[in-house]
Every structure is written in C-alpha cells, then in structure tokens.
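Undergrad: Once you've looked at the hints, dock chain B against the given chain A.
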Amino acid sequence: MTKEFKLPDIGEGVHEGEITKWLVKEGDPIKEEQLFVEVMTDKVTVQLPSPFTGTVLKLLAKEGEVVRVGNAIIVVAEEGEAAQPAPAPSIEPPVIAKEPASVAPAAPPAPPGEILATPGVRKLAREVKVDLATVRGTGPRGRITDEDVLAAVGGAKPVSGVTPPAGPAAEPAVPAAKLAVEPISEPAAKPATEPIAEPAAKRAVPPGLEERIAVHGIRRRIAEKMQKSKNTAAHFTYVEEVDMTNLVHLREKLKVKAEKKGTKLTYLPFIIRAVVAALKDHPTLNASLDDEKGEVVVKRYYNIGIATATDAGLIVPVVHDADKTDLYGLAREIERLAEASRTNKLTPRDVQGGTFSITSLGALGGILATPIINWPEVAILGVHRIEKRPVVRNDQVVVHEMMYLTCSFDHRVIDGHIGAAFVESVKEYLEHPALLFVEA
Amino acid sequence: MAREVDLLVIGAGPGGYVAAIRAAQLGLKTLLVDKDHRLGGECLNYGCIPSKTLIFTANLVHKMRGAGEMGVEFTGLHVNMIKLQQWRVSVIDRLNRGIEQLCKANGVDILYGMASFVDPHRVRVEGAPAPDGPTPPSEEVVAGTIIVATGSTPMDLPSFRFDRETIISSKEALELAAVPWDLLVIGGGVTGLELGTYFAKMGSHVTVVELLEQVLPGTEPEVARLVTRNLKRLGVEVHVSSKVLSWAEKGARLVIAVETPEGRKEIEADKVLVSVGRRPNTEGLNLAAAGVEADAKGFVRVDAQMRTNVPHIFAIGDVTGQPFLAHKASKEGIVAAEVAAGQPSAADWKALPTAIFTDPEVATVGLDEAKAVAAGHDVRVGKVPFAALGRALAAGETEGFVKVVMDVKSERILGVQIVGPDASDLISEMAVAIEMGATAHDIALTIHPHPTLPEAIMEAAEAALGKAIHIVNRK
Numbered sequence: 019m020t021k022e023f024k025l026p027d028i029g030e031g032v033h034e035g036e037i038t039k040w041l042v043k044e045g046d047p048i049k050e051e052q053l054f055v056e057v058m059t060d061k062v063t064v065q066l067p068s069p070f071t072g073t074v075l076k077l078l079a080k081e082g083e084v085v086r087v088g089n090a091i092i093v094v095a096e097e098g099e100a101a102q103p104a105p106a107p108s109i110e111p112p113v114i115a116k117e118p119a120s121v122a123p124a125a126p127p128a129p130p131g132e133i134l135a136t137p138g139v140r141k142l143a144r145e146v147k148v149d150l151a152t153v154r155g156t157g158p159r160g161r162i163t164d165e166d167v168l169a170a171v172g173g174a175k176p177v178s179g180v181t182p183p184a185g186p187a188a189e190p191a192v193p194a195a196k197l198a199v200e201p202i203s204e205p206a207a208k209p210a211t212e213p214i215a216e217p218a219a220k221r222a223v224p225p226g227l228e229e230r231i232a233v234h235g236i237r238r239r240i241a242e243k244m245q246k247s248k249n250t251a252a253h254f255t256y257v258e259e260v261d262m263t264n265l266v267h268l269r270e271k272l273k274v275k276a277e278k279k280g281t282k283l284t285y286l287p288f289i290i291r292a293v294v295a296a297l298k299d300h301p302t303l304n305a306s307l308d309d310e311k312g313e314v315v316v317k318r319y320y321n322i323g324i325a326t327a328t329d330a331g332l333i334v335p336v337v338h339d340a341d342k343t344d345l346y347g348l349a350r351e352i353e354r355l356a357e358a359s360r361t362n363k364l365t366p367r368d369v370q371g372g373t374f375s376i377t378s379l380g381a382l383g384g385i386l387a388t389p390i391i392n393w394p395e396v397a398i399l400g401v402h403r404i405e406k407r408p409v410v411r412n413d414q415v416v417v418h419e420m421m422y423l424t425c426s427f428d429h430r431v432i433d434g435h436i437g438a439a440f441v442e443s444v445k446e447y448l449e450h451p452a453l454l455f456v457e458a
Numbered sequence: 192m193a194r195e196v197d198l199l200v201i202g203a204g205p206g207g208y209v210a211a212i213r214a215a216q217l218g219l220k221t222l223l224v225d226k227d228h229r230l231g232g233e234c235l236n237y238g239c240i241p242s243k244t245l246i247f248t249a250n251l252v253h254k255m256r257g258a259g260e261m262g263v264e265f266t267g268l269h270v271n272m273i274k275l276q277q278w279r280v281s282v283i284d285r286l287n288r289g290i291e292q293l294c295k296a297n298g299v300d301i302l303y304g305m306a307s308f309v310d311p312h313r314v315r316v317e318g319a320p321a322p323d324g325p326t327p328p329s330e331e332v333v334a335g336t337i338i339v340a341t342g343s344t345p346m347d348l349p350s351f352r353f354d355r356e357t358i359i360s361s362k363e364a365l366e367l368a369a370v371p372w373d374l375l376v377i378g379g380g381v382t383g384l385e386l387g388t389y390f391a392k393m394g395s396h397v398t399v400v401e402l403l404e405q406v407l408p409g410t411e412p413e414v415a416r417l418v419t420r421n422l423k424r425l426g427v428e429v430h431v432s433s434k435v436l437s438w439a440e441k442g443a444r445l446v447i448a449v450e451t452p453e454g455r456k457e458i459e460a461d462k463v464l465v466s467v468g469r470r471p472n473t474e475g476l477n478l479a480a481a482g483v484e485a486d487a488k489g490f491v492r493v494d495a496q497m498r499t500n501v502p503h504i505f506a507i508g509d510v511t512g513q514p515f516l517a518h519k520a521s522k523e524g525i526v527a528a529e530v531a532a533g534q535p536s537a538a539d540w541k542a543l544p545t546a547i548f549t550d551p552e553v554a555t556v557g558l559d560e561a562k563a564v565a566a567g568h569d570v571r572v573g574k575v576p577f578a579a580l581g582r583a584l585a586a587g588e589t590e591g592f593v594k595v596v597m598d599v600k601s602e603r604i605l606g607v608q609i610v611g612p613d614a615s616d617l618i619s620e621m622a623v624a625i626e627m628g629a630t631a632h633d634i635a636l637t638i639h640p641h642p643t644l645p646e647a648i649m650e651a652a653e654a655a656l657g658k659a660i661h662i663v664n665r666k
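First to last, the protein sequences are chains A and B.
Going by my numbering, the first residue of the first sequence is number 19, and it counts up by one from there.
Going by my numbering, the first residue of the second sequence is number 192, and it counts up by one from there.
No wet-lab data here; the hints were simulated from the structure.
Be aware that one or more of the hints could be misleading.
Unchecked claim - Result set (DSBU-like, lysine-lysine): computed pairs, CA atoms no more than 35 Å apart in a straight line:
hint, chain 1, residue 1, chain 2, residue 2
1, A, Lys76, B, Lys562
2, B, Lys600, A, Lys80
3, A, Lys21, B, Lys488
Here chain B stands alone, though its shape is the one from the complex:
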C-alpha cells in the first residue's frame, strides 16, 4: 500500500527541510526523504557548518598566536585535533537533532532512504541502512507535488580521482584528525581557499593551484588580490593560471606535477584536496521516469517559481545549478513550498548575498563596479578601508575595505563588496538596503553605533556621495 502525501520533498538539506517545514505550516501533508540518516544535508553535515566550526577554531588559534603585539604572551599553545573533531561532531549533532525536532513539531514526516521516480507522481524510497539500527523498509510514495532538493556532490578530476585517503574532497578534509604536513589544494575557489586557510592556520604547508588567472574566480580582482596577499602571509603558495597534470606515489606521500606560468613544478603533499566544483545529485533519482529535464551538466532547470518542466515537480538549491549557496536553497525551498500550497510566491529577490570565510572574510551583494558599469549604470564608488575605523584597529583587524557601488543618477545602492573582519555578518545590512531600494543617503543618514564595524558601511555610503568624514573624499 503506497503512502499518499500532498507533498514529497526529496533531500533534507537546507533547501529541502526548510521547504518541508513551510509546506507543513501551510497545511500540506508533507513527507521528507533523505538518503542519509542525518538531516541537514551537505551544508550541515559536510559543508558550511563543520567548516565554520573548524575555521573559527583556527581563527582563534591564529589570533592568539598573533596577539603578542597586544601583550598576550603564553607558551605551549596546542590544538588537540581529536577533541576538535569531537567538538565538530557535537555541533553537527545538536543541529541534526534541532532540525528533526522542528520537522516533527511542524508535522513533517521523515523517511530515510534513497528516492527514485517510478512515474511523475510515484517515488520509490529504498530504505537506507541506519548506522545504529535496522534498515527501514522500502516504500512507495504517491505525491501530489514533489520537490527535488537532492543537492550536489564535490567533483573530482579524471587524473585525480577521489580515493578518500590521500586524494580527498572537502568532506574528508573536514574529518581529518591529523593536520597534514603538506596539503595541495586543487581549485582556488571558495571551498579550496576556506579549507586551505584553515589548514595553513593549523600548521600545514598549503599550496593552492588554480586554473584561472585569479583565485575566487568571479570575485572582483581587487578582492582576490587582497585575499591572495593574505594567503601568502599565512605561508600559502598560490599558483594561478596553473594546472595539475598527474601524481605519483612517493612512500606515503604524493608527488604532483603542476604546470605553472613559471614552468613545470613537482609538489610533494600528504593530502590532495580536490575542490574544482560540484555536480548535481541526480544519479539514481530516475528523473527521466518523471519526465523532468536537466541541462547538459545534469542540473535541473526551473522557472521563477522553482517549477521544473513538469508542473507539479519543483527543484531547489544546488541541484538546479550555480551558485551553490545554502541560503539560496532555503529561500527557494520556501518559494517552492508556498507555490505548492497555492500561494503566488516567486524567486524575485534583487540581491543574493555571498559570504566567503577566508582570512579576511569576503562578502558581497548586488553588483560590483565593473558589472554595474556593464549594466549601463553611471557609477560612483565609495570605498573605506577598515584601517580608518577605530573598532577595526582596536581589534587588530585592519585588513580590507568596504566598497559601496552607487548609481549616480538615482543614488541607489547597486552593490557592496566587503573584505575584512566579520564581512559575512556585515553584508546583510546591505542586502536589506538593496531589497528596499535604499539610496546611499538612506544608509549615510542612518545612525550606526560607535565603535563598530558597520560604521565602515555608513562611511562608504557617505564616501560614494562625496562627503565622508573619516577618509579624504575623492574628487
């Protein structure tokens, strides 16, 4: 006897579980299926959360080591990696349980298993073996509406296949209980740099190999330069416009051949982290049985209401393609759930903020200067370095800047780029500003408490208007 539901959500990541909760809130009988016995998906279990848990610890260690100038002196600073890993697991566990409780409290049913379409309305769920219990029985689910939220998986390279021991993905990297002496990171994107920075702070000698001419491709060159400069200060070797060719074993280590603009190099490493992109998790899902179309790379195409080409099947988050951001998946999940419940919701946001947890952090929202000009705007930029800010100096974090990109005619804020301390926390103010259609005046005229980091945003808005107080205005 097939289980009948109004809405089936496949995948319990930050897109899927959020969609399920909203749908249940709106009165739909909702079933959430995940192949893992841990809710929260890649983000919570193998991505954002564990990586931030480790990164913040590394930042603490790094900060303490650098605090001599402030008079902080000590000997014997030591990181117990086993304990750190236990701490990581405990953080994830707490959040796993939290999501499960939220789902239950909202009336979302949960099924652990691998989903596979039988036809457009029927999905077979093959019970996934539990780590500490019996495998749940397989079931067939008949659903009026289905949300595909299966996410994505790190890709490897033909010449660097994951062996999960020495050639690893971010998942294994985050679970390492021993800091590698030498780490080679293939791919200077967000994941590669975040984890590269973490290992560098923990004491690894890290080499980053990026195929394109700058790290963090797609980010403003000025931002990438600042991040690169700091990586080098941490002892990270950065090779841009470079390509890994092959590897060979040398004892327990690998020797990797890299083609760089300066010529071919042999780099030794204990571990190779491959972070070159992600592919959609559609394998085994049998989307073809539902008639759902995907693009050449396997990402599912959706409209502004997150509907696939099959009107009652929605897709959200990573499985729909770039950018791979948990907060985007969550919002899309809410849109899909609301549309499924008959509401006229749509993905109509103007601003999709990003946060990169490098050192310093990078956060952006809206257009950068070049993109604003390309879009036909007459642009003025207000830029304020954190070095001009009392709070940043007091905290010893003067690296970076806030850049406000303003449309000259309307004085509206088009975009903001922040590199510097707590950039990831600072950006939301400007996401609100852009969604509200705020002008630089609106930000400049709003009182920002002193001494805090957001003062830099206020000051940058004033700078865009040519009337900053704490920096010399550009004429």
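The shape of chain A in the complex, shown without the other chains:
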C-alpha cells in the first residue's frame, strides 16, 4: 500500500509550511518516527516524524516550496509492499461522466511528469513562481487551473502586470474547515497581504537593478500579523524612564552565581519577573480581545513572549508559566529558546500560547521605539538600552544606570491610566528588585 503523508496542522493558525529541507530522498527507506522533512511555518521550523515504515516513493514538494496544511507532501510504499512507480492519488479529481458506461472508465489524471495546464495557466505559474510539477490539478482529468496555481502560492496575488483571472476569487484548494484551526485567525488570502504586493512596474528596470524576493513563510506571516495588529488594535504608547542602578548591581552579583550553575544571566529574567508581578497587579493586561465575541479574555497563566530576531525574520518564542519558575529557571529557558530559534529547533509549543510580549532591542538600543502589539494580546513592553545618565537625586546631579521602557497598549481594552499604572508597577519592581523576591 502506498501512503501519503499530508502536511499536518503544526501549530495554531498555521495554514501552510515551507519545505525547507528534505531529510530523505526518493527511494530511501524510511522508518516510523524517523524525522524526514524540515518545515518552516510562519511561527516555527520543525522536523516532522514519519508515521510509516517503508520506502520513499515520491517527494511531492520541492525544497523552498510552500505547501498548505492538508496537502500531501510525501508518498511512502509501506513495508512489505513493492515500490510502485506511480503514487495513488488520494484526492481523486472530480470526473465528469461524459459517456454511458460503455467507454473506458474515467481517464486517470495525467501521468507523473506530464503537466496538464493551458498556456495561460503555465504563464501564470511562471509569474507567481509555482512549479507546476508540484501542483495537483483539480480541473477536468487533472488539469491544473488558475485557481490551483494561486492556491499553491497561498492565494498570493500575481506580481507585475498580471491580470488576475476572471471569475470566482481564488480559493484555497483545501476546504476552509481544514484550515481554520484558529477561529480568530483569518485565511491567508485576505486583503491584508495586498498592500505588500508592489504595483506593476510601468517601466521595466534593466535586469540586475532590482531583486524580487517572494514574501512567504515567516516574512509573510510577520507582514500579515503586523498589518492585522495595526489595523485592529487602537495602539497608544506610554514611555517611562527606569533607574536600573540597583538591578545592575544585583545582576552583577547574581551573574557570578549563575555562571557557576552554568547559566548566563541577562537582564531579561529580571524584566520577565517584574512584568509578571506587574501583570498580577493589573490582570487586564494579561489578556486578549476576542473580536468576534466582543469579549476580553483575561488569563490567569503567564506566558511571556520574547520577540527574537532570526535570519528568517522576527519570531516570538514563549516562556511558558513564567510565574512558576525561579530566576535561574527563566534564564535557562530563555537560553534554550534563543538557541532553538537560531537552529530552527523550536517546537510548535515554543511559539504558542503567549499572553504578553516583551521586545528588547538590547544593546542596539536607540532611545525609543513604538512596539506593535502581538495581536490578539493587548499590550507589549519595549525594553531599551541601559546607560549611565546624569539624574537629579536629592538635588544633586548624579550618574545612574538609566533605561527607557516603552509600552504599547490596545486602547480598546486598556485605558491610559491603567496602562500607566502597569508601567509604573514594572518600574517599581525594576528599581527595587528586592520586591520581586518578596512577592515570590
């Protein structure tokens, strides 16, 4: 029996994944649980285990190709079965009976290697950079339609000078029910992506002067999420200055201890602790807004997202149950997440379930930024560079370790005074770090 493996739902709101690396090739033996493919989704890069033991017959997607959840990516001949040359398609194309039963049974889809697509569809495929060999046709006798091609690019609009095909709007090939894993998240084909597409260039630019980079995977998800957040949440940003002198001294001391335990202690565990403590003081900030139901969902668990830059783009791994871990535990978890982000080893859980996010520009610093809320959360804290600045204490100008905090709120949920109170609370904890440990 040949078996197909369909790209599973690897995370909430994940509609598609980019095949970044095949760990097996056609003809290879494959064992159950063997990691066989690396898939990058908008949230995470994961390696997937095989549910079958047998021989790899066919890889249905190329490296770099974006596959929708629910679409088959590999065909395996299960153990004990001779490898068959052609995979049995699991989704039969709709066949329209043209003849009474006397003629041969409905023609099978085009054999592998033969691409059934009209010249117009072939042109469209080139324009949106889809390899037709990897597209399953849903048209008559397996013919690849415009819609199939557009579905293969996740409904992205064709670039430069292409007239989108007339007729019904491109729909994903997979029924919506299969995709809607997260009810509040929206299908990828919504207009949110449109502003990113460049208008058709009127005058062609000589080759080499411009580069076109497909927006997909993490990049596209960032684009969508940021746009969604900006379009949905009523952002306002509150800025405060924090005197970090005490914390700097404390960290210097604890750093040595941490090193002995084999952990690198940054400021982030302290900040997370301060944030958790402040969230407990102001519970409505640890929340999300369910736009559909019109309800604020206040959370009694504290999963803190840490915005992290990677080569592929910004991701937000989550420190789960940040209130239940001590300082060193937080440090270790942050270290693990950072390492996993760098090496694409994050698990779906690592990027899910955040209740509040922190974005730190670290030493790069700048003075201020206005963070965009990690929607549907309702607030995000921006942490900036710590530096020595002259400040007035007891009518004396003295040098202290100072830092700005910038915190963006969704005003639909958080009013100004509540947001301010939260930031003042964070400031209080950071300026008097002993409080953090009293509270705990």
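TA: Same frame as chain A, now just chain B:
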C-alpha cells in the same frame, strides 16, 4: 558618442521586429538594426510571403485549368510573369511599410546597417548603403540587453555553388520573371517542393533530387507518399535516395549528373534550384567578441528563456537552429523581449505547428503516430479522408486526410497531421487543442459548422474514439 539603449535587436525578421515591438511595449528603449533597408527579414522579403504570393497565383491558374469538369471553359489562359512579379513586389512593399509603421508607433528606433559586436555590451553598426538614398553613418550602440535575431541563409553545395543566374537559391527563384523550361531542384525538403510545385504549375518541367529515401524528410511516410504522388501528377520527376554529382554547361543550359537507384542519369535544366538547408547568419557579427557560444554548425545555443551563455544576450529564430519557422521565431522574440523586461516568460509551448504549401498542403502539430508510440503512449488514430467530406467534394479538393493521434488512456490529443485543402489554415484549431490539453471528446463534442473543411477534424476525433459518423469505424 555611442547611442545608449535598453535593448538592441539585431535583425528585423519575424523574430526581431516582433521582439522589438514587444520590448518597446514593455517600456524598454529599443533599437532595431537590420542590414537590409527592408524590414521583415528573409520571411517577408525572400521567403514565406513572396513564395505564398506566387504559390497562390499558381494554385489559381492550376485550379482554373482543372475546372473543365465543373464546366469552367475558356481559351487563352496566360500568366503575365512581369505583372506577377510586380504583384509580388507590391505585396512585400505593403508589408514592409506596415512593419515600419508598427515599429514607429510603438517607439522602436530603427537603424539600417551591419551589426558587429565590439564587446558584450557594445555593438558597432556599419551603415548599409540605401538603395535610393545616402548611406546612414556608422554608429556604436551600447545596450543593456541584446537580442540576436540574424536568421539564416540558404546553403549551397561544394559542387553546386550559387552563381545566382543558373544555380540559384530560393531568393532568385522567387524573383524569376521567366518560367524556366526545365528546372532541377536539389533537395526535396519544404522549400524545394513548394517552389518545385509552383514552377510545375506555371509550366516548367521539374525534377526533384532528394538524398534521403523520401521527400519532406521527417514527415510521416504516408504524408510524403501522398505529396509525391501528386507531384508526379503535376509532371514532376522525383528521384529519392539520389545524389547530384556534377554539372556541365551545354549552351545556355546545364547538364547535371545524378546518381539514382536506377543508375546514373544526365538531366538537362535551365535553372538549378539548390534547397539543401540553411546556415546561420553569424558571419561578421563577431559573436566571439561578446563571448557568445555557437555549436559546430554555427547555430547559437539558447535556454528556454532564449538566453545565450551570456546572460544579457539572447538569440531567437533561425540563428538558434532548426526548425526554421517564422512563427517560432516570432514567439521566441516575444519570450526574449519579455524576459529582457523582467518578466518570467519562457518557451514552454507543447505544440509547434508546421505548414507546408505543397499541393496538397501539409500541416502538422504535435506527435505523429510513430513518435507517439516511441514516446510510450498507447495510441489510437482517427483518420478521415477529405473525400468523405461534402465541402471537399464541392470544391473539387478531395485529396488528403486528417489524422488525429490520441492517447488511449487519457484520450488526450497528442498530435494531428493534415494533408489536404487548406491544411495550413486547419491546423491551428488542433494547436489550441494540444496546448489546452483537450481530449478527443472535447473536439468531437464541439460543433463544427457544415459544410466546412474543419468537419474533418471533428470527424477524425470521433474516429479516434471509435464513433465516427461519416466513415466506417475501425474495430
């Protein structure tokens, strides 16, 4: 001061001028260079167009002569060859002007001169003397992208060098204002047979000598046989598996020694038309200065986007090799221009139709039966003779057939061969069918108006499915 352009197109044939127009439409500053002061290249000036102009006239004459059975009676049918040649020139002139206007309307600049690469981005254009005006000055052109569309030229043979008087190429043959008594055609390919048929209809005694075992090499033997039979009816002597050896003068005529399977023959002729193939026009172009590579025969190699080994230099049409077809050059020109303008175009057609203007005409697209079988298809063929068709009978053109080659499993149409009246016009329907991935059902179920020649295609599709109405189905 060198002229700077986005795109330089060298050669204004059916590939080059089309490429230039498309490039200009896409906003590229485009310069079109041709060594001739006539746009349109070989096709328009010395090939397809003049040959069809003459062939259609010959067909008219031939048809009238054969129309006695239909009651058409007359005496004194005479062809004024001088007037016919004037007519040919007027047709070409109109099209020349049309192309020039199209280029201007689209903003394509034109320069008449011989192009030669200086380096990969610079081309020197040596002004070509105008037939009725001053020679344009030479210029140097710097171009971001260059399309080489210089075409090809008829080849001669070492023992039959063109003297352009008695040993001639198709170009001179088309300009003959006197029909030769005896014409020897060396090479039974498309050009040789088209022109041989033309002269035979105009009254020449024509002999065709073909080296291979059939005329129209590469065409299905069944098709070649039918064409040969008709040539013989026109009084054309056809020697296949035969070779011209040498010639000798005999007064104003030549005596040509030919080796045939029946032995050595001496054939007298007033003119010898050498149509044995074409070579690429790369001489003087100095492709080496641009680093553009060509194959052993001098044809420039390109990829599916028509790029040569030098990424900003494209080549299209005849200069890239067989098959030498104007419509192929045009499509390649569009691909190259679009790629030059940053579009992801590619030569990805499934079907390249051909049209041969013999009598009857031959047109093909896709695979013939043998090639389909060789490609691993389980094949069924539906064949319908034009004799079964009301329209063909009414027009007195019953010669030939339509053959539809179908894949049994998918019922898709793999190829079509048409021999018969207006075959060249009939084939496009099936080119569309193949590009669309149509099945024989799609064609059979489409209503074709009655009484017309395309009904034969519908019927052949039905025959492939074993359910033709007007012929007995093969079991």
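Undergrad: Which numbered hints does this structure break?
TA: Violated: hint 3 alone.
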